[in-house]
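Single-letter residue listing:
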Amino acid sequence: AQSVTQLGSHVSVSEGALVLLRCNYSSSVPPYLFWYVQYPNQGLQLLLKYTTGATLVKGINGFEAEFKKSETSFHLTKPSAHMSDAAEYFCAVSDLGYGGSQGNLIFGKGTKLSVKP
Amino acid sequence: GAGVSQSPRYKVAKRGQDVALRCDPISGHVSLFWYQQALGQGPEFLTYFQNEAQLDKSGLPSDRFFAERPEGSVSTLKIQRTQQEDSAVYLCASRTVVTSSPLHFGNGTRLTVT
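As they're listed, the protein sequences go chains A and B. Start counting the first sequence at 385; every next residue gets the next number (the numbering used here). Start counting the second sequence at 2; every next residue gets the next number (the numbering used here).
Quick caveat, the hints were computed from the structure, so don't treat them as lab data. Hints should not be assumed to be uniformly reliable.
Non-contacting residues of chain A with respect to chain B, defined by C-beta distances greater than 12 Å in every case (computed) [unchecked claim]:
1. Val397
2. Gly400
3. Arg406
4. Phe447
5. Met467
6. Lys500
Cβ-Cβ distance ranges computed for the label pairs, FRET-style [stated by the list, open to error]:
7. B:Glu69 - A:Leu440: 19 to 25 Å
8. A:Leu440 - B:Arg16: 47 to 53 Å
9. A:Glu455 - B:Ser74: 40 to 46 Å
10. B:Arg16 - A:Lys452: 33 to 39 Å
11. B:Thr115 - A:Tyr423: 46 to 52 Å
12. B:Asp19 - A:Pro463: 46 to 52 Å
13. B:Arg23 - A:Pro414: 33 to 39 Å
Backbone N, C-alpha and C define an ideal beta-carbon position, used for all residues, glycine too.
Sequences and hints are given; from them, build the entire structure.
Right under this line is the structure:
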């Protein structure tokens with residue numbers, strides 16, 4: 385079975401500060417990992433994904449994440465927060481790397497990011 | 002179409018009423034998922050279609066929930082005899098036949114059962 389744990393339901397940073405949102409996963413097969421962002425009253429938008437290959441992946445809006453197998457982690461970072469980054473962020477895992485997978489996503493509970501001026 | 006379209010955006014139902022939520026996926030997307038997102042939680046899987054075939058309905062919480070996609074395009078999620086615990090945002094997502102391609106989500110339907 386697969387699961388995702390996001391540490392911290394709410395993170396607050398100042399504009400221009402580093403953003404770090406934590407995600408740990410559990411998977412019995414090689415995981416595919418995703419970060420999605422959700423703005424109020426909207427659906428989820430893909431920020432970035434890790435499938436295979438390079439463990440540091442870059443996404444949209446200046447975000448990046450690093451897959452660390454030894455730590456079962458996939459933390460999301462951004463060097464300098466912008467007011468427009470305020471939203472809820474979801475980490476997700478999939479068994480896509482497993483033959484016959486339908487590619488369903490298992491989501492964490494989300495981390496709400498606030499950015500102070 | 003430009004994206005996944007869901008209707009209505011908001012639905013208020015009295016307990017015991019039946020509701021139908023519509024999802025219009027991106028044209029040509031073979032795979033379609035429904036998720037339920039309770040307040041303060043992440044989305045949870047309900048059901049999965051590949052074309053018109055419902056291949057996985059293991060996430061449907063009770064037999065009051067029913068989903069269909071008769072022509073392999075538009076999908077409807079129906080909830081019979083709604084209960085307060087059904088209050089949530091229902092998200093639809095679609096994807097091409099390539100399983101590693103990303104899921105595209107609609108804006109969801111917020112269901113409130115009073």
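*Hints violated by the structure (numbers, ascending)*: 7, 10 and 11
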